[in-house]
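Q: Using the sequences and the hints, build the whole thing.
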Amino acid sequence: MAEVIVEEAAEEPPGGEPAERPACAFSLCPICMALTAVGDARPDIIEHLLAASREALLALRSIIDARLDGPPGERPTRLERLTID
Numbered sequence: 056m057a058e059v060i061v062e063e064a065a066e067e068p069p070g071g072e073p074a075e076r077p078a079c080a081f082s083l084c085p086i087c088m089a090l091t092a093v094g095d096a097r098p099d100i101i102e103h104l105l106a107a108s109r110e111a112l113l114a115l116r117s118i119i120d121a122r123l124d125g126p127p128g129e130r131p132t133r134l135e136r137l138t139i140d
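Numbering-wise, our numbering puts 110 at position 55 of the sequence shown, and it's gapless, one number per residue.
Worth flagging that the hints you see were computed from the coordinates, not collected in a lab. Since we're looking at a predicted model, the values are computed, not measured. The beta-carbon is built from N, C-alpha and C at its ideal position, and this holds for glycine as well. Mixed in with the good hints, there may be bad ones.
With beta-carbon atoms standing in for the labels, derived distance ranges [unchecked claim]: (1) I118 x A80: 31 to 41 Å; (2) L137 x A106: 48 to 58 Å; (3) R136 x I101: 48 to 58 Å; (4) L137 x L115: 33 to 43 Å; (5) H103 x L137: 51 to 61 Å; (6) L83 x A106: 20 to 30 Å.
A: And the structure:
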């Protein structure tokens, strides 16, 4: 697994400008992209997005569980018992 390296900016640059946010070493890191997208969002928006994503994952899980626990008569059997005399 690749190791993520985060470069942190200084607290306060000498020019008095605010410090930059940490930059991810990978240009297309999905975690860093998501954190950047919601970085300036209000906490209530983030809470709503987390609740919605949780519900979406639970719905996906129920679909997968229903598919796995479906009636056995509908699934084709790939094994056939052969008796050798």
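Q: Taking the hints in turn, state whether each one holds.
A: Results for each hint:
{"no.": "1", "hint": "I118 x A80: 31 to 41 Å", "in the structure": "36 Å, holds"}
{"no.": "2", "hint": "L137 x A106: 48 to 58 Å", "in the structure": "54 Å, holds"}
{"no.": "3", "hint": "R136 x I101: 48 to 58 Å", "in the structure": "56 Å, holds"}
{"no.": "4", "hint": "L137 x L115: 33 to 43 Å", "in the structure": "39 Å, holds"}
{"no.": "5", "hint": "H103 x L137: 51 to 61 Å", "in the structure": "58 Å, holds"}
{"no.": "6", "hint": "L83 x A106: 20 to 30 Å", "in the structure": "27 Å, holds"}
Checked against the numbered hints above, the structure violates none of them.
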